[in-house]
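> Each chain, letter by letter, is given below.
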Amino acid sequence: MNDIDDKLKIDLPQAKTHSPSGPPGDGTGPANSVLENAGLSLEDQQLFCDAAPVPYEPYSPEFIERFHNWIRANSMWVLAFGTGCGAIELNPLMTSRFDANRFGIQMRPTPRQASVLIVAGYSSVKTLKRIIRSYEQMQGPKFVIGLGICTINGGMYWDSYNTIKRLDRYIPVDLYVTGCMPRPEALLAGFMELKRKIKAGECDGANRYVKDFEWYKANQKRVIKKWDMPDYNW
Amino acid sequence: MGHAGLQLVSKEFMQQLCERLTQRFDCDQILHQKDDLSFLRVDKDKLESTLVYLKTHEGFVHLSFVTVIDYIEDDIFRLSYMLHNYESKTDLAVQTEISRTASTMHSIHHLWAQAWTYQRELKEMYGIDFPGSPRVNDEFVLEGWDGPPPMLRDFDTAAFCEERFVEREGRESQDVKQTMRDNLYPERGEV
Amino acid sequence: MFELNRLSEAELESGKYTKIWHGPQHPGITGNMSLELTLCGDDVVECKTHVGYLHRGFEKMMERRTFIQNFPIVCRIAVPEPTFNEYLYAAAVEELAGIEVPERAEWLRCLNLEMMRLASFLMWLGGASGSFGLRTVYQWTVTHRDYMLDLFEEMTGARIYHMYITPGGVRAPLPEGFTERALSVMNGIEKLLFEIERVVLNNYVFKLRSEGLGVIDPGMVDDYGIVGPNARALGLARDVRKDSPYLVYDQLDFEIITGDKSDAYNRTVQRYQEMHQCISLIRQMLKQVPTSGSFHANLPNVLHWKIPAGQTYVKAECTRGEYGYYLVTDGSEYLRRITIRGPSYTHAIAVMEKLVVGVNIADVAGLMVSLHTYPPEIER
Amino acid sequence: MDWAISIFNYIVTVVVVLIYGLLLYAFIAKTMARVQGRVGIPIYQPFLDIIQTYNKRTAVTHGVMFDLGPVFRLAGGLGTLAFIPVIYGSEVFGNFHFAGDLLLVMYFVFFGQLGMALGAGESGHPYASMGVSRGLAQMTAFEVPFALAVIAVFVQYDSASITEIVAAQQGSIYNWTLFTNPFAVIAAMFAFLGMSMYPPFDLVTAPNEIPIGPPTEYHGPYLSFLQTNRSIFAGAKLILFMNLFFGGATNLPIMMIKLWAIYMIPVLIGVAFARFKVEHAIRFFLGIPTLIGIIAVLYVQYWGT
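Residue numbers (this note's numbering), protein chains in the order written: chain A, 15 to 248; chain B, 505 to 695; chain C, -5 to 374; chain D, 27 to 331.
None of these hints come from the bench; they were simulated from the model.
This one's a predicted model, so the numbers in the text were calculated from it and none came from an experiment.
All residues carry an ideal CB built from backbone N, CA and C; glycine is no exception.
Take these hints with a grain of salt, some might be off.
To be verified - Just some of the chain C residues that point at chain D, by a computed CB distance under 10 angstroms:
id, residue
1, Gln133
2, Tyr198
3, Ser204
4, Glu205
5, Ala359
Stated by the list, open to error - Restraint ranges, calculated between C-beta atoms of paired labels, are given here:
id, chain 1, residue 1, chain 2, residue 2, range
6, C, Gly35, D, Gly89, 20 to 28 angstroms
7, C, Ala231, D, Phe136, 55 to 63 angstroms
8, D, Leu312, C, Leu6, 29 to 37 angstroms
9, C, Tyr11, B, Glu577, 45 to 53 angstroms
10, C, Asp324, B, Val556, 28 to 36 angstroms
11, B, Pro652, C, Phe188, 55 to 63 angstroms
12, C, Ala231, D, Leu312, 39 to 47 angstroms
Stated by the list, open to error - Stretches of chain D that chain C covers, calculated by requiring three or more beta carbons in the stretch to come under 8 angstroms of a beta carbon on chain C:
id, region
13, 60 to 70
14, 230 to 244
15, 295 to 308
For reference, chain A alone in the conformation it holds in the complex (with noise of 0.2 angstroms):
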């Protein structure tokens, strides 16, 4: 696939060897660094880009940019990937009484139109795996919600083998919400601080996610033994 926005066509600034948010030197050696959608057999390689991903540069002069943003703030588009037990909550907040349509958002049930992804609890490595997918193939601005504390530390699964921690080490996490399980004013109160944080201009995960792109694909291939996807999927 080769990109048509030809803000994409500037070239890819030097990815940092860590990211500020997690300890130094950590799994990014030389080993980990390579990414030609090593998992793949030839075939199946030809069918995705191989080019690394860039930062977008906010809109100038500066008052489309508020525009756009207060745009993106009132019309947040949902993927419906009820990751893990937090999407018992989000039927209610969909529905009748907790009508979140009154605030613009809808559920999308494809990836490549949605804008807000919420990792609804725990993520086991296997469902990690196709979050990171679901992420990538979203288009940007994209933003993420951590739902329920198992997303922030670890929760109630700290000692289990197969869920991970911290989930901003695998994504750019925008928000969280804490409690298990959140209720759905909770999840409502944390939209309205989303939509507070887009139009404020603070929600530049997708970037963060391009900067510290080496970082991001060496902590997920830590976690994920079998790597069998493409490392750029869009």
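Dock chains B, C and D against the given chain A, drawing on the hints supplied.
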């Protein structure tokens, strides 16, 4: 039929069943846990015939689950096949013990159509091999698992998390007993 | 021998078939699991179920915690009906430790379980009608389930994960005026159910699509271990509440509801009637529940609570069928082994893979919902 | 300068129909939400959605046909609108109407879906191709009663010009085709149920079966094209039905009221029905509606006025 009457029926059915099993398979290790729940110990090679007999002659047609208990100190696995009889409303667990090293077991996939799922799980979680069971070597719930079978007693999941996943800074997990002693029951002292 | 693979590798490679991954990121999949469907045109010729997206290793984690530490985490095993896990764990521990539960606690437990069953059925009904395109009914039922959750919040203090049924009893008695509010919610749900009978069960399109879909023939039931409403819709009167009564079910007045044919439509009707049965049971219990007396037995010092060695298997009739805990202790402060038996274990894998063959891809979601599978029971 | 004025008028028409279509969509969404006991989206939500999808930072293409699919779709919508006189007797909303415009419109109504089929086919998603096959099968099915109804209108008014057909219906409400030839209207409204993708005929974008059909891979600017076309095309179809069967409109408020009334029919049916399967839909359209269409043709042929 009330609760009491039902208990009587299942109780005497159990006793008759035990006699039949004893004089058929000369296995006298039958533990009665409840009126409608008993545990039967058989040898490894007698297990399949026992299950066939129980399913075809005694009406234990429902396989609730298959599980294994890891007795690492005795170096044995104890397999449990929980059967249920809908006529007499009784549960019977057929148990057998196999060696913990190089553990294999006969597949009972030809008796129950869902048995292969349990055998697949046991293969993944305990490393018990079931030759002839379909898809027994496929991954069941784990993906790309590179450690020992995780449900074994000697697999330390906390240490595994330490080296595989990275905790968030500032999280400490404290010993619940110590905390309760200090905060909730200080007057009890060092109980 | 029950054959699983119906197509050989050569046939699969022949280019005649399409292979698509149905889920996990798919609105028509209940929970978080995926089906590897092999299609010939629009019809499924082979299906492989892939589970494990929700595996947290509960059985391992519970071996590392003391008996009282396990009590808060068991309810996390199954989201739509956590209280069955709480009750079964508590019952198993009490049986092995020889604890007598007070009468009042048994009534409160039974009331909690039946309310949980009704809430879970409401959720299921929404999914079943939504998977056939009836979005409106989905909205109605989920909202009324939310009123049930309000009752739970009043009764236990939490909406979803109410750690209410502790080993030895329950955590709290009924609050003041709970009965009237619960009865009013029951009346609202009954009204909704009669509405749903008109909109769903008598809906021409719903009948057209769900009748004759995923028929379970009587020969399958024992070999595949089909339990619960899926089996009762066939006319088999199998219900743990009657077969081996637990709690106070032997003092309540109800009969096992059975049907005559087990396809998607009749399974829906079966569960619809069982929802009415739930409402009547809840009304009976709200009348008879004792308002005085102790609701929690005295436990030993839980800091070092040793339970004598033994093993037991307790089971209850959850929304989907026989739900059981197999608990083994070895006399220490930690349990030796716990096995959780969920009905979805066979419904979602063996039965689903058999029934889905020959079904149009449009009906896969409806068939899956009509079996009422729930993945966390499979992988824990 | 005549052509320049007509081009300008056409642009005005498109803008008006686009805005009204979006408002109508939001209003319908709110109506369905009310049935479900909800408040529903704000009335301006569709505008925000279009701008938001259009201004995605990144976009991915799958090839030339993938890019051209939404263009064809939009061209179908604009072309359908271009030859329908929106308001009878109005200079601005007259559009490029000519003697045989109804035949051209009949072609344009189905032009967009074919282009969409090509584009979605190249996206390579299995659900997209399934949705395309469903959509085309259903389209060929509901074309039959629709074509029969339009033929009946041809025979009745002895003209293939929408303007003349509307002119013949002016005067009294009893001159409408709805009363002069009710069979044709019934057959056409059955076909309209299939055209406007509401249950029980929302096979193409069935969320629980094939999420979400042909537009599965479409995102960003492509999706905003599709959204724009959805309102324009729906408006054009509604205007066509209003002109053919419901006496057209002589000014803007009457047009809005009539379009809303016609649009409410599939919506109110849709909130209370489950989804057909494609074979059910085909059998349905080739059954009673086709029969009614044939009756309509015979009626105007022999007993008609």
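> Just to be sure I understand the hint, the distance between the Cβ atoms of Leu312 of chain D and Leu6 of chain C should be within 29 to 37 angstroms; is that true here?
36 angstroms, holds
> Can the region 295 to 308 of chain D be counted as covered by chain C under the rule of three residues or more with Cβ-Cβ separation shorter than 8 angstroms?
Three-residue rule met by the region 295 to 308 of chain D, so holds; n is 9.
> Falls inside 39 to 47 angstroms, the C-beta gap from Ala231 of chain C to Leu312 of chain D?
45 angstroms, holds
> Tell me if the interface restraint on Glu205 of chain C is satisfied: Cβ within less than 10 angstroms of some Cβ in chain D.
12 angstroms, violated
> How about Tyr198 of chain C: closest beta carbon in chain D under 10 angstroms, or not?
Given a least distance of 8 angstroms, the restraint on Tyr198 of chain C holds.
> Do the beta carbons of Ala231 of chain C and Phe136 of chain D sit within 55 to 63 angstroms of each other?
Taking Cβ atoms as reference, Ala231 of chain C and Phe136 of chain D lie about 56 angstroms apart, which means the hint holds.
> Examine the region 230 to 244 of chain D for residues whose CB is less than 8 angstroms from any CB of chain C, and state whether their number is three or more.
holds (count 6)
> Are at least 3 residues of the region 60 to 70 of chain D within less than 8 angstroms of chain C when you compare beta carbons?
holds (count 4)
> Gln133 of chain C was flagged as interface toward chain D. Is the shortest Cβ-Cβ separation under 10 angstroms?
4 angstroms, holds
> Between the beta carbons of Pro652 of chain B and Phe188 of chain C, is the distance compatible with 55 to 63 angstroms?
Given range 55 to 63 angstroms: holds, Cβ gap about 57 angstroms.
> Min Cβ distance, Ser204 of chain C to chain D: is it shorter than 10 angstroms?
9 angstroms, holds
> Would you check whether Ala359 of chain C satisfies its interface hint, that is, whether its CB is within less than 10 angstroms of any CB in chain D?
Hint on Ala359 of chain C: holds, closest Cβ of chain D at ~5 angstroms, below 10 angstroms.
Figure legend: structure checked against the earlier numbered hints; the only hint not met is number 4.
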